[in-house]
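For the protein sequence lines, the chains are V and G, in the order given. Under my numbering, the residue at position 114 of the first sequence is numbered 114, and the numbers go up by one with no gaps. Heads up: take any position in the second sequence, counting from 1, add 1000, and you land on my numbering.
These are calculated hints, taken from the structure and not from any lab test. Check each hint, because a few of them may be wrong.
Facing chain G, according to a computed beta carbon distance under 7 Å, are these residues of chain V, among others [claimed, not checked]:
#1 T52
#2 H54
#3 P219
#4 P274
Quantities reported herein were computed from a predicted structural model and do not represent experimental measurements. Here a beta-carbon is modelled for each residue, glycine too, at the ideal position from N, C-alpha and C.
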Amino acid sequence: MNEQGAPQPEVIRRHSLSVRLTHWVNVVCLAMLLMSGLAIFNAHPLLYWGHTGHRGMPFLFGIGAKSDNGRAVGVTRIAGVDLETTGVLGVSYDGDGRALRRAFPPWLTLPSNASLALARDWHFLLAWLFVINGMVYLGFGLLSGHVRRDLLPAADQLRARHIVREIWNHLRLRSPRGEADRRYNVLQKLTYLVVAFGLLPVMVLSGLTMSPAVTAAAPFLFDLFGGRQSARTIHFITANLLVLFVLVHVLQVLISGVFNRMRAMVTGRYVIRPERTP
Amino acid sequence: MNHRPMKRPFSRLLSRRQLLTASVATAASAVLAGCDDIAGGPPFRAALDFGEMLSLRLQRLLLARQPLVREYAPALISQDFPPNGTEMPSGFAYFELMISQFARWRLTVDGLVDNPLSLSLAELKAMPARTQITQHNCDEGWTAIGQWTGVPLVQVLRQAGLKPEARYIVFHCLDEMVRGPDRSGFYYESIDLFDAFHPQTILAYDMNGSTLPVRHGAPLRLRVERHVGYKHAKFITRIEAVERLDRIGRGKGGFWEDRGYQWYGGI
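Kindly generate the complete structure, drawing on both the sequences and the hints.
Spelled out as structure tokens, the structure:
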């Protein structure tokens, strides 16, 4: 507030250096892990449950291609139901318009050609970077109090009335202002907690369960996920949930002042907009 | 691009969308095609190899006490275990061995050993054997469970007597993947002594209680259970102990390794 009493924007320090750095390293890691992961999936685009899974066995999810009067048709099968997905899944087109029989299209995979060797190289290298980055984030987050102060919901945020009002605010795409914008909202906090302490650790552990050397040292991973193929399926589903999170996350940034939010995640400085005056 | 008859009222719209998708894909793949050359190129190659080294080192720490991989109950054996790689080696030499039921096949053990060996299948079968029901993990992502019986590799190596400078065990195979004037197109694989001495590393001649089928690598294949599929060399004819791998094949330690795959197959 200034002397005239009119509401003025206030600049605060929103994100610490460790949060900003690990956030952007994570953006690179997750994007490239997703793309190289899809390239690996393309080598055997079927998902199973249990210990074993190979061609000829029943599968939960699969992407394939068939011929329909000489035309290549992409088919995605989810729990026995076939969907035609020509153009994106199963069959996509290369630069000359030729049909490629590939589960995920070249523009979604790293590398864009079908090299499983290179896809594995990238996936495993980035997994290292992702895990180290995650440990840096957790270390700083726990020591600096970021997790306790910024991520754990405050008592007043956990009241049913408050949560219902937040859901209503989100449905109206109304972003917070003033005092409420000084902290993450409760849905945001819960989502970040689920992602950082749920989805990402599941991603790492289910990934490790696919390594025959790791499961030799840590066979309990089989019991945790119900077998190597179950772990592979959970790895894929969790990756999809992360993609969903990123889509919503980016959408929220776009509708709640993209410049201000991007500046906050780059420089740390964030402008609190004043409350709407009635 | 899409010359389908119009069946539905929306097909115009759909084909336009597909056209759009295709053109985005085209532009993207043109950009990414350039990236592919870079993605495997020298600046990144060093980083990717560093990643492989990190995985190898960390996993070796985790495996320092040489734990066994999980073994399964007979009920879990896969009914239709898919063959990995070559299903039947081409050429008369293998055919001749096969029709004689490998009576004239011999396993050569040489290189950095004190007593080079030449073992018949019968001699191998007379050695102490190990049977294990384990999971096979193809690097593509599929898995199957099989029962394998064979001689622990360590027994054969002990009989041959490794020289102190031996560091790797190379498996030369009978299947020629790429035809050529020399042996460079033949399948081969290599492991280091850490894996060679593991109790579940066996030279298998039986699968699921019967003679090892041709499509699974008859008469003899490697089981190196903490590694993905391509490390499990099939149709073995010769085992060579070496100090370094760079003088064999194209120098990367295996047929697939020579073509870009990681030598360490623990992931």
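Structure-based check of all given hints:
no., hint, result
1, T52, "holds, 5 Å"
2, H54, "holds, 4 Å"
3, P219, "holds, 5 Å"
4, P274, "violated, 42 Å"
When each numbered hint is compared with the structure, a violation occurs for hint 4 only.
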